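2 protein chains.
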Amino acid sequence: MPGQRRHAGAPATGQATVPEPGTARIAVDLLGGDHAPAVVVDGALRAIRADSAVQLILVGPMEAAGEVFAALDPADRARVSALGSQGSFRPMRVPKNWAESGVRAAVLAVAQGEADAVVSAGNTGATVTAAALGLGRWPAVRRPALAAVLPTATGRVVLIDVGATVDPDEQALTVIARLGAAYATVVHAVGEPRVGLLTIGTEEGKGDRLRRAMPALLERSGIKYVGLVEGNDVVTGRRADVVVTDGFTGNVLLKGLETAYALIGSPSGEPEARAAMLLGVGGTVVVCHGAAAGTDLAAGIALAADLHRRGAVHAIATLMSEPEVIDEQ
Amino acid sequence: MPGQRRHAGAPATGQATVPEPGTARIAVDLLGGDHAPAVVVDGALRAIRADSAVQLILVGPMEAAGEVFAALDPADRARVSALGSQGSFRPMRVPKNWAESGVRAAVLAVAQGEADAVVSAGNTGATVTAAALGLGRWPAVRRPALAAVLPTATGRVVLIDVGATVDPDEQALTVIARLGAAYATVVHAVGEPRVGLLTIGTEEGKGDRLRRAMPALLERSGIKYVGLVEGNDVVTGRRADVVVTDGFTGNVLLKGLETAYALIGSPSGEPEARAAMLLGVGGTVVVCHGAAAGTDLAAGIALAADLHRRGAVHAIATLMSEPEVIDEQ
Chain C
1 MPGQRRHAGA
11 PATGQATVPE
21 PGTARIAVDL
31 LGGDHAPAVV
41 VDGALRAIRA
51 DSAVQLILVG
61 PMEAAGEVFA
71 ALDPADRARV
81 SALGSQGSFR
91 PMRVPKNWAE
101 SGVRAAVLAV
111 AQGEADAVVS
121 AGNTGATVTA
131 AALGLGRWPA
141 VRRPALAAVL
151 PTATGRVVLI
161 DVGATVDPDE
171 QALTVIARLG
181 AAYATVVHAV
191 GEPRVGLLTI
201 GTEEGKGDRL
211 RRAMPALLER
221 SGIKYVGLVE
231 GNDVVTGRRA
241 DVVVTDGFTG
251 NVLLKGLETA
261 YALIGSPSGE
271 PEARAAMLLG
281 VGGTVVVCHG
291 AAAGTDLAAG
301 IALAADLHRR
311 GAVHAIATLM
321 SEPEVIDEQ
Chain L
330 MPGQRRHAGA
340 PATGQATVPE
350 PGTARIAVDL
360 LGGDHAPAVV
370 VDGALRAIRA
380 DSAVQLILVG
390 PMEAAGEVFA
400 ALDPADRARV
410 SALGSQGSFR
420 PMRVPKNWAE
430 SGVRAAVLAV
440 AQGEADAVVS
450 AGNTGATVTA
460 AALGLGRWPA
470 VRRPALAAVL
480 PTATGRVVLI
490 DVGATVDPDE
500 QALTVIARLG
510 AAYATVVHAV
520 GEPRVGLLTI
530 GTEEGKGDRL
540 RRAMPALLER
550 SGIKYVGLVE
560 GNDVVTGRRA
570 DVVVTDGFTG
580 NVLLKGLETA
590 YALIGSPSGE
600 PEARAAMLLG
610 VGGTVVVCHG
620 AAAGTDLAAG
630 IALAADLHRR
640 GAVHAIATLM
650 SEPEVIDEQ
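Taken in order, these protein sequences are the chains called C and L. Under my numbering, read the first sequence as residues 1 to 329, first letter to last. Under my numbering, read the second sequence as residues 330 to 658, first letter to last.
To be clear, the hints were calculated from the coordinates, so they are not data collected in a lab. Computed from a predicted structure; not experimentally measured. Quick reminder that beta carbons are idealized off the backbone N, C-alpha and C, glycines included. Do not take every clue at face value.
[Claimed, not checked] In silico contact screen, one side only, chain C against chain L (beta carbon under 10 Å); selected entries:
no.	residue
1	Leu198
2	Gly227
3	Gly231
[What the hints assert, rightly or not] Stretch-level coverage of chain L by chain C, calculated; a stretch enters the list once three of its residues show a Cβ under 8 Å from a Cβ in chain C:
no.	region
4	487 to 500
5	521 to 531
6	567 to 578
7	589 to 602
[To be verified] Far from chain C, by Cβ distances over 12 Å, these chain L residues were calculated:
no.	residue
8	Leu360
9	Leu374
10	Arg378
11	Ser381
12	Gln384
13	Ala404
14	Gly442
15	Asn452
16	Ala482
17	Ser550
18	Ala620
19	Thr624
Go ahead and model the full structure; you've got the sequences and the hints to work with.
And the structure:
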């Protein structure tokens, strides 16, 4: 069903090499999110039906995993396993205390090579911590960042960070900008993405203390820095492929625009993938909203599968380790 | 033309006493904004035609003021005067150097009693500075704030601050919250407005350093503080009548949502008044976007006239000086 695979992580241009739909084993946090596990069960069913090469490891209560199992065609059941505190459909090496926290167990499944990616709609801070501890961080990245993709009238824009790092300093925000550029290069196949700094006016000297300090740093960070952009540019997509901001401002803007688009329609006319990739940790981790619906979870699973298939984590980490770019240390 | 008077400053409920449409003399900065003076000329014409009790003092180049004059019916011309560096249609006591800056001259017209309000789409910082210097600040308000009104599916929400104070501390943000509550009480006739703090999650401890410190202060500030709200609540309007944030985050969110609503439609189905009232200075000052169109300038003039007619500055300042609320000093 190609229509269902058209999420934000898929390339819009013909430039990207779309990877073969090889097997992708996604560990899903059944208890993450305000409406868990019901919406996660719904999302898991949608994901299994939409992509015949996706396998799911459902992490959490066996009853919820059993609901997914029961609702599936028998032929699809072989692609679902479960892992929970009361046991596991498929035995795994999971320390007892880890299985208490769904997202930590899901991360461990990736760390142990049992899964290719994690998807959670749970608390972002808990997911970031679990991922950083369980999968390690890239050498150049002290503070991870969440990259969201928003539809615009002229294409897509990467908004980064949307909630992982709420109080970045200048060095951390410079790394966030480089992470966003690398994401657009690898996932959206934009050769030299235009990176803009989100602020409140395009004249010199506008913005708060952090923003006023940034242009000098971004100009020598090895990315194509195109200058100051504003909230409207995140909607029109005209001035930048990547919009850089702190996790507080990015989260507020993302939740505002996503809700507006859900109520009155997206500017691109396409449904939006309400899921974000966590950058800076040693594995594929996708975060959905706390308020995610089943379709959002399914979009998050599809994004995670796509990122795994295109080797996004390795490719972005490689771009971040290139010597010509300034290291934050 | 009552349809044209239905802007954000007008009451939606029947509770408010709508003032008689008495004369309102608005000083308009002809050179403020990215597309000045053309859009200001357009906005002035629309405002004059929409409200027969509005008078305009056009501040800036005589050629632009002349365009307004030439386009008007002779009967309407008596309601327009001009004030510029090359002279004035109507003599005013303006120091020579002040007339060089449109917004400073417009503020001076209010300070001298020649005008009732100022409208400018120029640089927000310059307008705030000119207003604070020329009109003075209220005793309890060290840092002014801009109150914007956004349409929602369930009514209107006041978003404050949207650009006057980009780096508030805890005390300044507490005052901003009180200003927002007073605005909703006076302008929207909401008896006890629900005030929410904009952050990135509704669990305790979410947000950046500033936000984590705020709930304790807001709970004892004399307003009806209803807790943490998120970007989506600014769109739905469900949880708060007033959403409080710093001028950086508020400006980014406002410009994002306004642009989204302009492209794909407002959640209320009504056109939006893209104009904000400056609170904390001793006169009626309305700020429009740098990117404002003629309709936005006309909405700003209508808002300024409405605020003047309902004595909003005096009423809000009185609420702010009430002894039971905590002073920021």
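Verification of the supplied hints:
Proximity of Leu198 of chain C to chain L holds as hinted, the smallest CB-CB distance being about 6 Å (cut-off 10 Å). This hint is violated: Gly227 of chain C has a C-beta 16 Å from the nearest C-beta of chain L, more than the 10 Å allowed. A cut of 10 Å between beta carbons decides the hint on Gly231 of chain C: the least distance to chain L is about 3 Å, and the hint holds. Only residues whose C-beta sits within less than 8 Å of a C-beta in chain C count toward coverage, and the region 487 to 500 of chain L has 3 of them, enough to reach three; the restraint holds.
For the region 521 to 531 of chain L, the assignment as covered by chain C holds, since 4 residues bring a beta-carbon within under 8 Å of that chain's beta-carbons and 3 suffice. Evaluation of the coverage hint for the region 567 to 578 of chain L: fulfilled, as 5 residues show C-beta separations to chain C shorter than 8 Å, against a requirement of three. Counting residues of the region 589 to 602 of chain L whose CB lies closer than 8 Å to any CB of chain C gives 7, which reaches the minimum of 3, so the coverage claim holds. Against chain C, the non-interface label of Leu360 of chain L holds: every CB pair exceeds 12 Å, the least being about 15 Å.
Here Leu374 of chain L stays apart from chain C, with its beta-carbon at least about 26 Å from theirs, past the 12 Å limit. With a cut of 12 Å on Cβ distances, Arg378 of chain L stays outside the contact zone with chain C, its closest approach being about 29 Å. Even its closest Cβ contact with chain C, about 34 Å, leaves Ser381 of chain L beyond 12 Å, as expected for a residue assigned away from the interface. No beta-carbon of chain C comes within 12 Å of the beta-carbon of Gln384 of chain L; the shortest separation is about 31 Å.
With a cut of 12 Å on Cβ distances, Ala404 of chain L stays outside the contact zone with chain C, its closest approach being about 39 Å. Separation of Gly442 of chain L from chain C is adequate, the least Cβ-Cβ distance of about 32 Å exceeding the 12 Å criterion. The claim that Asn452 of chain L is not at the interface with chain C is violated, since a C-beta of that chain comes within 12 Å of its own (minimum 7 Å). A Cβ of chain C approaches the Cβ of Ala482 of chain L within 12 Å, the least distance being about 7 Å, so the stated non-interface status is violated.
Listed as a non-interface residue, Ser550 of chain L keeps its Cβ farther than 12 Å from every Cβ of chain C; the least gap is roughly 22 Å. The non-interface label for Ala620 of chain L is inconsistent with chain C: the shortest C-beta to C-beta separation is roughly 7 Å, within 12 Å. Non-interface call for Thr624 of chain L relative to chain C: holds, since the shortest CB-CB distance, roughly 16 Å, exceeds 12 Å.
Comparing the model with each numbered hint stated earlier shows that hints 2, 15, 16 and 18 do not hold.
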